[in-house]
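Asks: Listed in order, the protein sequences are those of chains H and D. 691 is the number that my numbering gives to position 691 of the first sequence; each next residue is one higher, with no gaps. 915 is the number that my numbering gives to position 72 of the second sequence; each next residue is one higher, with no gaps.
Since the hints were derived computationally from the structure, they do not count as laboratory data. There could be a bad hint or two in this list.
Mimicking EDC-like on lysine to aspartate or glutamate, the simulated pairs with C-alpha atoms at most 16 Å apart in a straight line are [as the list claims (entries may be wrong)]: (1) H:Lys53 - D:Glu969; (2) D:Lys974 - H:Asp43; (3) D:Lys941 - H:Asp43.
One side only, chain H facing chain D, incomplete, derived with CB under 10 Å [claimed, not checked]: (4) Leu79; (5) Thr81; (6) Phe85; (7) Gln111; (8) Ile113; (9) Glu114; (10) Gln177; (11) Asn179; (12) Ile188; (13) Gln190; (14) His395; (15) Ala398.
Sample of chain D residues at the chain H side, in silico, Cβ under 7 Å [said to hold, decoys possible]: (16) Cys888; (17) Gln917; (18) Arg920; (19) Lys921; (20) Gly936; (21) Ala938; (22) Gly943; (23) Val961; (24) Leu964.
Small disclaimer: the values here were computed from a predicted structure and weren't measured. Positions of the beta carbon are idealized from the N, C-alpha and C atoms, including for glycine.
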Amino acid sequence: MSLSDRIPTLLRRLLRPGTAAPQPPPPDQATRQFTARARSFRDLRAARAGALKAMAELETARRDGRPPSMSFIRARCTLATVNVFKIIRHCNQIVDAHNDEPERTFSRLRQRIETILEARREPVAGKKLLDLVRIDRTLANLSGEKMAHLAEAGAIGGIRIPPGFVLSAAATGLFFQRNQLYHQINHILQQIEIADLEDLYRKSAAIQELIRNAPMPPKLETLLLDRFDRLIDAGAACRVAVRSSAIAEGIGPTAFAELYRTELDVGRDSLIDACKTVLASKYTPQAISHRLAKGLLHEQCEMAIGVLAMVEARVSGVCHTRSIGGPNDTLDLFYAPGVAKGIVDGTRSTGHLRLERQPPHRIVERQEAGDAIEPWLADTEAAVLAEIGMRLERHFGAPREIEWSIDPAGALFVLQSRPAATAPTFAGPTPPPEAGRPLLHGGVTGCDGVGCGEVFVVRTVQEALRCPRRAVLVVRHPLPEWAPLLHRAVALVAETGSEACHLAILAREFGLPTLLSMNRATELLANGALVTVDASARAVYQGRIDSLPSQTVDRPDPLESSPIRRILAEVLDLLGPLMPLASSSPGLRADRCQTLHDIMQLCHEQAMAGIFECSRRAGSGQEAAKRLHDTLPIRWWVVDLGGAMIPGYDRSRSDIEITDIASPLLHAFWTGMQHVPRQKPAASGLRAAAAALFRTARRDGLAPIRASFFRQKNYFLLSQKYCNLSMYFGRLFATVEAMLDDRGRDSSIAFRCAYGPADDSRQSRRIEILAEVLEHFGFRTARAGEALTARMDQESGPVFFDRLKVLGYLVVHARQLDAELAGPIRPDRDTCIQAIEEMLHHE
Amino acid sequence: MSEQTVQLEAALKIHLLLVDDDLEFKEIMQRHLGRIGIHLSVSACCLDALDLLEAQSADVVIMDMNMPGMDGIQCLRKVKERWPLVEVIILTGHASVKSGIEGMESGAFDYCLKPIDVRELIEKIELAAQKALINREDALLVPAAPSVAPQPKPTP
């Protein structure tokens, strides 16, 4: 029995395991059936392209290390899953026998993907209001890190904190839940074009408005106001500060560093609005960008709110118990009159003292603010602050950043105590002589390092929206508002601010070279000028100074082990590899599918088998699969899925000519197959290759590459803009699938080939040459054993068709490589490329 | 305007119904579809859309999932129950695997996410319209099957 005679039996075995073959329908019905199935196959292909595109975008995000948003991951997973669902549905419309197995596997995988994407976190349970004096770090999941650390600091003898209470994360969670805010917020977040800053600001404003307009649950409102009244009754000032206390805040390297709002001088009447404003600040542009850069989920960044009595501040400041820019045995104190806000947002000129960490905390460096008439902070007060700072460091076991105020009576209050953010270390060299005289020199180093780029001065939000990528960002004040620009910049220069300001803390987290307090920077640095910022040497130079070690600072990877990255990795495990080597995979069976990609491939193959089988039954006794004439001794079969043949061709014929085919895709491929290199006329070309293959093509005992009916027949499934070619050349099995989109966006060419079981040592080299040639022509390749996969996406026009010619050439000549590898002149990549270039040039 | 679109529109006289309360999106769609001569009706909520389908036929419905008055999936089910030959494209700004699969299981032709490239959406509309045409042809071949239009109102 010949191979072609065995096809019906093999098909039935493949498609209907264990069942009897159905009786073929009458001819007219069979033709209609074929048309309907061809249509389903077209829809299946479109769904497959959609699924592959979504999977590829996720894979690219993982590979490139770009920070994807959760909305991005959710959207792509949804598209991939929905499209695989469609593929299964279309496949079932094509094949004769319904197979439940892919559906069961799909259902299982889909549920697992849903669970991962939900990233469900149990709502925080517990008291809605907490007294500050009853909190410690064990309650941080309820009170937030900031309030827990503050309360614990207050419990240390000799350290005072303002009286107050905390609206817990359980309470704020209830506020979000009752108003169904996360659902609405996700709706807006999905549509944010994060690269478009204007869109980011607009959507951020919409979300914040949504939160501010949502009603506080009445019971919570009553609780809040009652507790406020009790605070006042206990003798506290009648104004309070309303501060965020995020659950994720201050954990490890992740510091939100006042990206969230603090409302000061809040009275009873405005308490509820102030709480909602602070909650809304979770969605400022800077907070959204920061979460994105850190790979954090907004639903998981819960927030509690601290309500603290206002301290009437004579002088306030920040203490870093480990000096930011000084020797390791020193600490820094930054201070200014009044409240500390001007220091942390960098808008105030500040005094700076550097003290020894060891008692008696001798002052080693003093820098009074330019506008200070007399010292704002007495040396004795500085020593007390240093002592308190070191006690807090000892208590918490790591360097701290402490915000404090001293009232007119001299009472010192700690307002905040959190782990200090650490900067990447950088041994700044002395500027080389060729650097010349700097444009600017001085200031303070916010973060070490060197960055080179064009100056972009930002004074307003409108200007910020136009900030280009890889700019040297120059601002007057290092305000938190500029945080979304940090990931675009190569360096930051500000006219004011100190190492203590929160933008500097963020810059250190990103390893962004930063210079602060550079007087007149916005005047002296012209927009568009190319400059090199050497933050370590506190200098800005004109032009690019190549001898400075740009990019030598190891920037921390903010996404490392972030929740987003974990989720992305988990879902990709279930979606499957982008470039599987399915042609060599032994697992392409319904009961062995482990990923959505496996299901997709299985359905695709089953659907093709179904189409082929149906094509045999279609028409009045004539097969819909036409044999391509004049290709003896290799048999080629063509199935028209619609629009592949020239108008008016005689459908009743069982044999067709290549000229009957209109598909430009096949013609390009065919051109490559037919090409005969000038150097090797005797052994090349389709006819020669076919003759050489004739003896082996039907050789018994060739082990199958996989259990597929396609290896039994060379066939082309064609439509106007799609082709699926399956060829079996001796021991080489190859498939080419090409989809043409005129705009190029959804165009793709996928090539897979595999050799039969190894019977000589030349196979590795053969696959290697093929891969190298394909890569030369722009394909991405992947190998597994003796199988090779290559892909090319988003090409159109002449390039698309040229690449099909390349594949046509390679498929025919791959077999010939065998002979050449055994001969005296070893073929190499360059010879092969040269022959193909010649073909492309002459065609 | 692509040649394919012209031919398709001429052949089908596509009648679209857009169910969306997003004014900006409605205007964009009206502008683009108007250019290629496809008739577009608009409803701002699901209940209005059902009334409109009662009053006049449609080949394809584009439906936002988050609409006031009725859950999008419920609305889709009602449309497919009453007018099974109408093809529905779901559009949502709130992607979720669950709602996507629910939508497809309830008979949606496709499930798309906002923001969407209008050209891409028009391509999907063309495919849905082709499917609607085939539905109509099939319904004619099988007399028992319901037809698209005109469709009688259900008796109270």
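Asks: Each hint: holds or not?
Replies: Each hint, compared with the structure:
The straight-line distance between the Cα atoms of H:Lys53 and D:Glu969 is roughly 21 Å, outside the 16 Å bound, and the hint therefore fails. For the hint pairing D:Lys974 with H:Asp43, the CA-to-CA distance comes to about 10 Å; that is within 16 Å, so the pair holds. Distance check on the hinted pair: D:Lys941 and H:Asp43 sit about 22 Å apart at the alpha-carbon level, beyond 16 Å; violated. The beta carbon of H:Leu79 comes within 7 Å of a beta carbon in chain D, closer than 10 Å, and the hint placing it at the interface holds.
Proximity of H:Thr81 to chain D holds as hinted, the smallest CB-CB distance being about 5 Å (cut-off 10 Å). At a threshold of 10 Å, the smallest CB-CB gap from H:Phe85 to chain D is about 5 Å, leaving the interface hint in force. The beta carbon of H:Gln111 is positioned within 10 Å of a beta carbon in chain D (closest approach about 9 Å), and the interface hint is therefore held. A cut of 10 Å between beta carbons decides the hint on H:Ile113: the least distance to chain D is about 6 Å, and the hint holds.
Using the Cβ-Cβ criterion of 10 Å, the hint placing H:Glu114 at the interface with chain D is satisfied: the shortest such distance is roughly 5 Å. A cut of 10 Å between beta carbons decides the hint on H:Gln177: the least distance to chain D is about 17 Å, and the hint is violated. Proximity of H:Asn179 to chain D is violated relative to the hint, the smallest CB-CB distance being about 16 Å (cut-off 10 Å). Because the beta carbon of H:Ile188 sits about 8 Å from the nearest beta carbon in chain D, less than 10 Å, this interface hint is met.
Taking 10 Å as the C-beta cut-off, the interface hint given for H:Gln190 holds, the closest approach to chain D being about 5 Å. Evaluation of the H:His395 hint against chain D yields a violated restraint, the C-beta minimum of about 45 Å exceeding 10 Å. Given hint, H:Ala398 at the interface with chain D, is violated; its Cβ is 41 Å from that chain's nearest Cβ, farther than 10 Å. Using the Cβ-Cβ criterion of 7 Å, the hint placing D:Cys888 at the interface with chain H is not satisfied: the shortest such distance is roughly 17 Å.
Interface hint at D:Gln917: violated, since its Cβ lies 17 Å from the closest Cβ of chain H, which is beyond the 7 Å cut-off. With its C-beta approaching chain H no nearer than about 17 Å, D:Arg920 sits outside the 7 Å limit, and its interface hint is violated. Restraint check, D:Lys921 versus chain H: the minimum CB separation of about 21 Å is more than 7 Å; hint violated. Given hint, D:Gly936 at the interface with chain H, holds; its Cβ is 5 Å from that chain's nearest Cβ, closer than 7 Å.
A cut of 7 Å between beta carbons decides the hint on D:Ala938: the least distance to chain H is about 4 Å, and the hint holds. About 4 Å separates the beta-carbon of D:Gly943 from the nearest beta-carbon of chain H, less than 7 Å, and the hint is met. Taken as an interface hint, D:Val961 does not check out: its beta carbon lies about 13 Å from the nearest beta carbon of chain H, beyond 7 Å. A least Cβ separation of about 13 Å between D:Leu964 and chain H goes past the 7 Å threshold, and the interface hint is therefore violated.
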